[in-house]
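Chemist: All chains, full assembly: derive it from the sequences and hints.
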Amino acid sequence: MRSDVKDMKLAKKGALRIEWAAKNMPVLSLIKERFSKETPLAGLKIACCLHVTTETAVLADVLKSGGADVYICASNPLSTQDDVAAALVKDLKVAVFAIKGEDTKTYYVHMKSVLEIKPDITMDDGADLVSTIHQRPVGMHANIIGGTEETTTGVIRLRALAEEGKLRYPIIAVNDA
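Per our numbering, the sequence shown runs over residues 135 to 311.
Not one of these hints is a red herring.
Straight-line alpha carbon distances no greater than 27 Å define the calculated DSSO-like cross-link-like pairs of lysine-lysine that follow:
| id | residue 1 | residue 2 |
| --- | --- | --- |
| 1 | K147 | K198 |
| 2 | K157 | K224 |
| 3 | K146 | K227 |
| 4 | K252 | K166 |
| 5 | K146 | K198 |
| 6 | K234 | K246 |
| 7 | K224 | K140 |
| 8 | K198 | K157 |
| 9 | K239 | K143 |
| 10 | K157 | K171 |
| 11 | K252 | K140 |
| 12 | K143 | K234 |
| 13 | K227 | K143 |
Distance ranges between label pairs, derived from CB positions:
| id | residue 1 | residue 2 | range |
| --- | --- | --- | --- |
| 14 | R168 | V272 | 31 to 41 Å |
| 15 | M274 | V308 | 19 to 29 Å |
| 16 | G201 | D225 | 11 to 21 Å |
| 17 | K246 | R293 | 23 to 33 Å |
| 18 | E298 | P160 | 40 to 50 Å |
| 19 | A176 | A311 | 16 to 26 Å |
| 20 | D141 | A276 | 36 to 46 Å |
| 21 | K239 | A176 | 34 to 44 Å |
| 22 | V243 | A294 | 22 to 32 Å |
| 23 | V272 | L150 | 36 to 46 Å |
| 24 | E250 | T287 | 21 to 31 Å |
To be clear, the hints were calculated from the coordinates, so they are not data collected in a lab.
Virtual Cβ for every residue (Gly too), placed ideally from N, Cα, C.
Modeler: In structure tokens:
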């Protein structure tokens, strides 16, 4: 599995932090239990542009338990937890493209790496992933069935696309759900 993280030697520390976070996220633990049995996301590819933190790692684990292939890049390189990124790759088998403090060029290279999978679903925080998709030819990602956006700023960007008739697929504003 192709990934780009700072240092895989950090994975052990990241795994301990993810384990702690999972114990403190009981709703996601219940969803993971259900998803493991039902696998409602089997065969789906999910491209995520989110903060690469312990909370995101727990979410990624739940999505994988549901049968999804999960790919993550950083929505904010300054919030990336390099140990968590390494543990996601090593222990949870999630493709991660994120390094704390990465420059703008690397940020977009990582985003394009996530989009190479031709996702079925997007999860975005700031609408950079969705904006990048919309800069590509229409057919490049015709298989996307939906997505989520976490920030008010991202929702404003996406509503502007929708008002122009240019938003290519439905997106749920997480804070409105």
